[in-house]
Amino acid sequence: MPGWDQIHLEAAALVAAASERGLTLRLVGSAGIRLHCPGAAAALDRRGRPAKDIDLVCAREHRKGVRALLEQRGYQVDRDLLVAMEGTRYAFTHPATKVEIDLFVDRLQFCHTIELRQRFARHATTIPIDDLLLQKLQIVQPVTTDLMDLAAVLETHEVAAGAGGAESIDAGYVAGLLARDWGFHHTATANLERLVAAGEAGSRQSVAALLEAIEAAPKSLKWRARARVGERVQWWQDVNERAVTY
Amino acid sequence: MARPADVAGPGVFSRPASGLIRVAGSTDVFIYNVGLVSVGIAIALNQYYGPSLYQGAGVWLATLLAALGMLFVSVTFYCYANVFPRSGGVYVFLSRATSPPVAFILSLVETVVLLYYAAFAASLIVTVGLSSFFATVGSVAANQTLIGWAASVATPAGTFWIGTLVLVLAGVLLATGTRRYFSVQKVLFVVAVLGTLILIAVLLLGSRGHFAANLSRLAKLDYDGVLATARQNGFTTRSFDFGQSVKFLVWPLLPLLGAVQSVALGGEIKRVRRSQLIGMLGAVIATGLLIALFDGLAAKSFGYNFQGAIGFNSLNGVANGSTEATVGAAPWFTVLAGILTGNVVLAVIIMATFVAWIWFWIPAELAYTTRTMIAWSFDRLAPDRLGYVGERLHTPVVAIGLSTAGSVVFMWLIAYKSIALLSLIEALLVAWGVAMAAAVVFPSRRRGFYDASPVRWTVGGVPVMSIAGGVAALFFVYVGYLLWNDPIAAGPMFTLHHLSREFWIVLGIVLFGVVWFAGTKLYRRRQGIDIDLAFRQIPIE
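One line per chain: the protein sequences are A and B, in this order.
Residue numbers for the first sequence follow our numbering, beginning at 9 and rising by one.
Residue numbers for the second sequence follow our numbering, beginning at 712 and rising by one.
The set of hints was computed from the structure by calculation and includes no laboratory data.
Some hints could be false.
[What the hints assert, rightly or not] With a cut-off of at most 25 Å between alpha-carbon atoms, the simulated SDA-like pairs for lysine to any residue come out as follows:
id: 1; chain 1: A; residue 1: 106; chain 2: B; residue 2: 1238
id: 2; chain 1: A; residue 1: 106; chain 2: B; residue 2: 1245
id: 3; chain 1: A; residue 1: 230; chain 2: B; residue 2: 738
id: 4; chain 1: A; residue 1: 72; chain 2: B; residue 2: 883
id: 5; chain 1: A; residue 1: 72; chain 2: B; residue 2: 1104
Using the sequences and the hints given, assemble the complete structure.
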């Protein structure tokens, strides 16, 4: 299993190489959080966050170019996933370094969907910090590492009312998105409360500010209608293991 | 509180961080299977051949008996689908449950048979669907142009070109992606169900007297005259006959075999336990009941003996005794229903509904064979190219193209050579029957797979999979016996004195499969690849 140093270097190199070719490619996931700012990386190291893989997202029209770039760097595409996901998702493995890459296209689709197409321009290396946060907030049943990532983001980034600098979380954006989707709202607020319950003191202030903004945001008609149904109907998409499809 | 079905419990890395959102939900699976049953084809075949050639048969009873047998088949396939939640159909099950070469050869036979049936369905779209559509709507609307079209489309050239167009459309739909395919099927399914409800209402409200009057006005046929003509030409009526009903069950069984074919999509289905249960067992029960219901409705509106008589006249070319001469199409159920309405709009709805039902069969059949081909490719039994994903469409265009091309070849044989390879169904029953028989011993012979699965249910200490597999295997043996001894439905594939075309086709496929498997194994070994490893692989889930 490659370590953070190796993943860090490779992730940065990949985004840079893509940029040189005019390809829109951004880091997401825990590698994205680490590369977004040194503060978050330090916070993750303090928590002993183990290294994993590299998660990337690219623009739809750049799929072919990104795949070619990765294959030129020695990565092998997962054929099974290639067939099964029909261009919405790719996975690669480097046979020598064992580095694994998940490549998403335009959006992150897990328990809840986060549209990223209009967000690429906000940061040169990763998706914006708000979306890195949302990526962790959308998990219905987070595990230890998810809570570590979540805490690191909230501990090292202030919550601002609107779009501030690259290092502040836009509460308006997050709250506005959750005000349109009750299911996502339900999962996200549950995770923020879970973080408080876990005794993450460093992020308490940010969590409170975020919860307040989420609460205050005017909810859509669809949100209110869905809220009446509540937990009686499943509010998230099922996420399956990445097992062999064929 | 509901919990995510497939999200693992707590602990570092225990959550599928790189998890997938699968494409097909339970509704998609249900529609896929119901579509493959193709209620339209089932009703058309039942009501045309049942009362005419199996006089005395309770078409409804035959349908329910076929559905009962299929319930055991679906339970067995359901167990397999949970043990191996992967795409590739019977090939995946057989290759892991029996011997890989046997699995490859049988799945090769299965693939060719299913491609034939895709072409067969495309030919039915032309003959039962479009030709009847133009004839009936033309007659009701007194439009000679439409009646002329009915004859034109049913010519060999019309059948081939329209059938080919339908097959290519199905291939293109699959090539545009599975998500789009399921979306299109959902829309068409709603259309087909609405049309079917309208048809049920028409049959419920329509009287036999009204039908007889419309028959006389639109088809220039006298209701009693049709019966009398048939009797003069040798048609005899019988009261309800259980033996005939059992004999007839092979006809409704053919479409009902489609109700379990979501086994091909295992790896693309969300919440496999729930979706395959609803999809397979739900499809068998729902379509079995619906098709049986139509027999009752048809008997009420048209009369059982009348359907038999007009079908008999049609099949025997009796002049002035059927709709061919006046309406321009065989007396398929749809044609009779159109005449019953006597209304252009209703006739259009009914006929379009049946075309939609028949359509479902085609892309679904191609999807099945495509999955099998990709599974061969990934197991290194077929060239990597077969699993190639096009860079523009991001779908396995080579496998889809090959499936479509294969079915077009059969389309040509059906249209121009009038080849009806009916006994090919016997070969399919052998392939599936082996899977059923293998299920009997699967829990003990493949304990590693079975114990890791969620279907370790027992009745009196015996695994449900073994019981269902045993009953299903016996059912297939009996159905095979019926087909073998029924020259109307299929007939023997070979006898001591006669070797049928189907026999040579199947023999050719088997020999090709043996040579291909042996050659591929040798070739892969030279590449340093042991293909047997793939068959020992336990799925990750």
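Evaluated hints:
Distance restraint check for residue 106 (chain A) and residue 1238 (chain B): the Cα-Cα separation of roughly 23 Å lies within the 25 Å cut-off, and the hinted pair is therefore satisfied. Restraint check for residue 106 (chain A) and residue 1245 (chain B): satisfied, since their Cα atoms lie roughly 22 Å apart, inside the 25 Å limit. Between residue 230 (chain A) and residue 738 (chain B) the CA atoms are separated by roughly 23 Å; this keeps the pair inside 25 Å, and the hint holds. Only pairs whose Cα atoms come within 25 Å are accepted, and residue 72 (chain A) paired with residue 883 (chain B) is accepted, the gap being roughly 22 Å.
Proximity of residue 72 (chain A) to residue 1104 (chain B) is assessed by CA-CA distance (about 11 Å); at most 25 Å being required, the pair is judged to hold.
Every hint from the earlier list agrees with this structure, and none is contradicted.
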